[in-house]
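Quick mapping for you: the protein sequence lines, in order, are chains A and B. The first sequence lines up with residues 1 to 112 when you count with the numbering used here. The second sequence lines up with residues 1 to 108 when you count with the numbering used here.
Calculated from the structure, these hints are not laboratory results. All of these numbers come straight from a predicted model, not from anything done at the bench. Glycine residues also receive a C-beta, built at the ideal position from the N, C-alpha and C atoms. Any given hint might turn out to be false.
[Claimed, not checked] Distance condition first, Cα-Cα at most 25 angstroms in a straight line; then the derived DSS-like pairs of lysine-lysine: (1) 65/B with 22/B; (2) 107/B with 22/B; (3) 44/A with 14/A; (4) 15/B with 73/B; (5) 44/A with 9/B; (6) 107/B with 9/B; (7) 95/B with 57/A; (8) 9/A with 57/A; (9) 107/B with 99/A; (10) 107/B with 57/B; (11) 22/B with 95/B; (12) 15/B with 57/B; (13) 15/B with 95/B; (14) 44/A with 15/B; (15) 99/A with 15/B; (16) 65/B with 44/A; (17) 73/B with 57/B; (18) 57/B with 22/B; (19) 9/B with 99/A; (20) 44/A with 57/A; (21) 107/B with 73/B; (22) 15/B with 107/B; (23) 99/A with 95/B; (24) 9/B with 57/B; (25) 95/B with 44/A; (26) 99/A with 57/A; (27) 9/A with 44/A.
[Claimed, not checked] Per the computed footprint, the stretches of chain A lying under chain B, defined by three or more beta-carbons under 8 angstroms from a beta-carbon of chain B, are: (28) 50-63; (29) 79-85.
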Amino acid sequence: NAGVTQTPKFRILKIGQSMTLQCTQDMNHNYMYWYRQDPGMGLKLIYYSVGAGITDKGEVPNGYNVSRSTTEDFPLRLELAAPSQTSVYFCASSYSSSKEQYFGPGTRLTVT
Amino acid sequence: AQRVTQPEKLLSVFKGAPVELKCNYSYSGSPELFWYVQYSRQRLQLLLRHISRESIKGFTADLNKGETSFHLKKPFAQEEDSAMYYCALKYYGNKLVFGAGTILRVKS
Numbered sequence: 001n002a003g004v005t006q007t008p009k010f011r012i013l014k015i016g017q018s019m020t021l022q023c024t025q026d027m028n029h030n031y032m033y034w035y036r037q038d039p040g041m042g043l044k045l046i047y048y049s050v051g052a053g054i055t056d057k058g059e060v061p062n063g064y065n066v067s068r069s070t071t072e073d074f075p076l077r078l079e080l081a082a083p084s085q086t087s088v089y090f091c092a093s094s095y096s097s098s099k100e101q102y103f104g105p106g107t108r109l110t111v112t
Numbered sequence: 001a002q003r004v005t006q007p008e009k010l011l012s013v014f015k016g017a018p019v020e021l022k023c024n025y026s027y028s029g030s031p032e033l034f035w036y037v038q039y040s041r042q043r044l045q046l047l048l049r050h051i052s053r054e055s056i057k058g059f060t061a062d063l064n065k066g067e068t069s070f071h072l073k074k075p076f077a078q079e080e081d082s083a084m085y086y087c088a089l090k091y092y093g094n095k096l097v098f099g100a101g102t103i104l105r106v107k108s
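Construct the entire structure; sequences and hints are all you get.
Now the structure itself:
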């Protein structure tokens, strides 16, 4: 099992551009999460999903959109990139709310 | 609002010395606390959770509701313990909020 995979690993965007961060898991987990980590800070929850077709906002959802059309995939969309979205983005998944979250390797995004 | 505080950015100890990584939380509900660890060039992974009351790699953590703390302890540090450690709080069922993390450096 590859676990949780994220692409790309690094990306530089110009202000106003859009992009999608990809996240895929092959563990048949129901729950998936997107976090961002700013320098010197802890991870903050952006969006999460409890199953295909179901998503909900986390702590810092503004400026992002998500979809969950399959169990495996949970892409994160940035529509109008802003410098404040410069961060490291982590995707995670878990079988249920009471089970351990497994993390991907992260995507480092810079918006200039 | 729920919050996790890790007061130390860096903790440096010698091999064989005791380790205590501090974590304090703020949450109005019944807390569920975790310690996650990230070794160099590896992914963030779960180290232990308070409900398991287990020792992993020699580390233990006790939830103290009176002091709203969940400090991570190990009696004798090893060089392979060097990593970034994050304390996390689960709230509203399945959401996690993380502290800023503490870098543990174990010197030989």
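Hint by hint, here is what the structure shows:
no.	hint	result
1	65/B with 22/B	14 angstroms, holds
2	107/B with 22/B	19 angstroms, holds
3	44/A with 14/A	23 angstroms, holds
4	15/B with 73/B	14 angstroms, holds
5	44/A with 9/B	18 angstroms, holds
6	107/B with 9/B	17 angstroms, holds
7	95/B with 57/A	10 angstroms, holds
8	9/A with 57/A	24 angstroms, holds
9	107/B with 99/A	34 angstroms, violated
10	107/B with 57/B	18 angstroms, holds
11	22/B with 95/B	21 angstroms, holds
12	15/B with 57/B	15 angstroms, holds
13	15/B with 95/B	35 angstroms, violated
14	44/A with 15/B	33 angstroms, violated
15	99/A with 15/B	33 angstroms, violated
16	65/B with 44/A	23 angstroms, holds
17	73/B with 57/B	11 angstroms, holds
18	57/B with 22/B	18 angstroms, holds
19	9/B with 99/A	28 angstroms, violated
20	44/A with 57/A	12 angstroms, holds
21	107/B with 73/B	17 angstroms, holds
22	15/B with 107/B	6 angstroms, holds
23	99/A with 95/B	12 angstroms, holds
24	9/B with 57/B	22 angstroms, holds
25	95/B with 44/A	10 angstroms, holds
26	99/A with 57/A	20 angstroms, holds
27	9/A with 44/A	19 angstroms, holds
28	50-63	holds (count 3)
29	79-85	violated (count 0)
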